[in-house]
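Q: Go ahead and model the full structure; you've got the sequences and the hints to work with.
If you read the protein sequences in the order shown, they are chains A and B.
All the letters of the first sequence, read from the start, carry residue numbers 18 to 130 under my numbering.
All the letters of the second sequence, read from the start, carry residue numbers 151 to 264 under my numbering.
Worth double-checking, as some hints may not be accurate.
As the list claims (entries may be wrong) - Here are the simulated DSSO-like pairs of lysine-lysine, each with C-alpha atoms no more than 27 Å apart in a straight line:
| hint | chain 1 | residue 1 | chain 2 | residue 2 |
| --- | --- | --- | --- | --- |
| 1 | B | K220 | A | K58 |
| 2 | A | K58 | A | K31 |
| 3 | A | K58 | A | K37 |
| 4 | B | K201 | B | K186 |
| 5 | A | K83 | A | K31 |
| 6 | A | K58 | B | K186 |
Stated by the list, open to error - Each pair of labels, with its calculated beta carbon distance range:
| hint | chain 1 | residue 1 | chain 2 | residue 2 | range |
| --- | --- | --- | --- | --- | --- |
| 7 | B | I178 | A | T34 | 42 to 48 Å |
| 8 | B | R210 | A | D44 | 27 to 33 Å |
| 9 | B | N155 | A | L91 | 34 to 40 Å |
| 10 | A | G33 | B | N155 | 37 to 43 Å |
Hints were generated in silico from the structure; no laboratory data involved.
Remember, predicted model here, so these are calculated numbers, not experimental data.
Every residue, glycine too, gets a C-beta built ideally from N, C-alpha and C.
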Amino acid sequence: GAVVSQHPSWVICKSGTSVKIECRSLDFQATTMFWYRQFPKQSLMLMATSNEGSKATYEQGVEKDKFLINHASLTLSTLTVTSAHPEDSSFYICSARSRDRTYFGPGTRLLVL
Amino acid sequence: GQQLNQSPQSMFIQEGEDVSMNCTSSSIFNTWLWYKQDPGEGPVLLIALYKAGELTSNGRLTAQFGITRKDSFLNISASIPSDVGIYFCAGPPAGGTSYGKLTFGQGTILTVHP
Numbered sequence: 018g019a020v021v022s023q024h025p026s027w028v029i030c031k032s033g034t035s036v037k038i039e040c041r042s043l044d045f046q047a048t049t050m051f052w053y054r055q056f057p058k059q060s061l062m063l064m065a066t067s068n069e070g071s072k073a074t075y076e077q078g079v080e081k082d083k084f085l086i087n088h089a090s091l092t093l094s095t096l097t098v099t100s101a102h103p104e105d106s107s108f109y110i111c112s113a114r115s116r117d118r119t120y121f122g123p124g125t126r127l128l129v130l
Numbered sequence: 151g152q153q154l155n156q157s158p159q160s161m162f163i164q165e166g167e168d169v170s171m172n173c174t175s176s177s178i179f180n181t182w183l184w185y186k187q188d189p190g191e192g193p194v195l196l197i198a199l200y201k202a203g204e205l206t207s208n209g210r211l212t213a214q215f216g217i218t219r220k221d222s223f224l225n226i227s228a229s230i231p232s233d234v235g236i237y238f239c240a241g242p243p244a245g246g247t248s249y250g251k252l253t254f255g256q257g258t259i260l261t262v263h264p
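A: Quick look at the structure:
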């Protein structure tokens, strides 16, 4: 069964609003989680590394003030897309690192109108 | 940064045919991973390769870690309709591990006609 969940699975929001996406590891503790973004017919691009209890590490070109990451517990990381715009519409996928493997979540489809 | 070039971009095959796709890089990778992504889902790990020259199978899937450590291929034998999806190669950055952040190839879209 799924070991990493994401919520919501899809969301539609108005331009200018903020959207929070949750990533949970279901049966293991994940000190590190990763957030990826995937545009239609494209590959997964790493956005940031989420570390429990510390600040996230963002990849070059990803605005940390726009994509807020909080890893408040060993099983939960959240990604908040602030002041969302249509160009933020994408498929957001998280992964969670266990002792010797990384598991991907099912993804969250975001559509900004 | 490290880039992975995957080919072909897409394949249209008949059920029962064998499939081959590959991934190359201009820099050395110490680990090669092959994932499958179904529509609207996250990627699922198919095969992990950790040593140059390694040949690993998982059912009808076979993958090899190139000797130069700059390439890998994935073969699917006797394809079936449920093989449809996007196949990605991926690898960790230099010094990274297979369970850390990953760089993904562009993906190969596989369509299988019954």
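Q: Taking the hints in turn, state whether each one holds.
A: Structure-based check of all given hints:
1. Only pairs whose Cα atoms come within 27 Å are accepted, and K220 of chain B paired with K58 of chain A is accepted, the gap being roughly 25 Å.
2. A distance of roughly 24 Å separates the Cα atoms of K58 of chain A and K31 of chain A; the hinted pair therefore holds under the 27 Å criterion.
3. With a C-alpha separation of about 24 Å, the suggested pair K58 of chain A and K37 of chain A falls inside the 27 Å cut-off, and the hint holds.
4. At most 27 Å may separate the alpha-carbon atoms for a hinted pair to count; K201 of chain B and K186 of chain B meet this at roughly 21 Å.
5. Restraint check for K83 of chain A and K31 of chain A: satisfied, since their Cα atoms lie roughly 16 Å apart, inside the 27 Å limit.
6. Taking the CA atoms of K58 of chain A and K186 of chain B, the gap is about 14 Å. The hint holds against a cut of 27 Å.
7. Evaluation of the 42 to 48 Å hint for I178 of chain B and T34 of chain A yields a pass: the beta carbon distance comes to about 44 Å.
8. In this structure the hint that R210 of chain B and D44 of chain A lie 27 to 33 Å apart at CB holds, the actual value being about 29 Å.
9. Evaluation of the 34 to 40 Å hint for N155 of chain B and L91 of chain A yields a pass: the beta carbon distance comes to about 37 Å.
10. For the pair G33 of chain A and N155 of chain B, the supplied restraint of 37 to 43 Å holds, since their beta-carbon distance comes to about 38 Å.
Of the hints listed earlier, there is not a single one the structure fails to meet.
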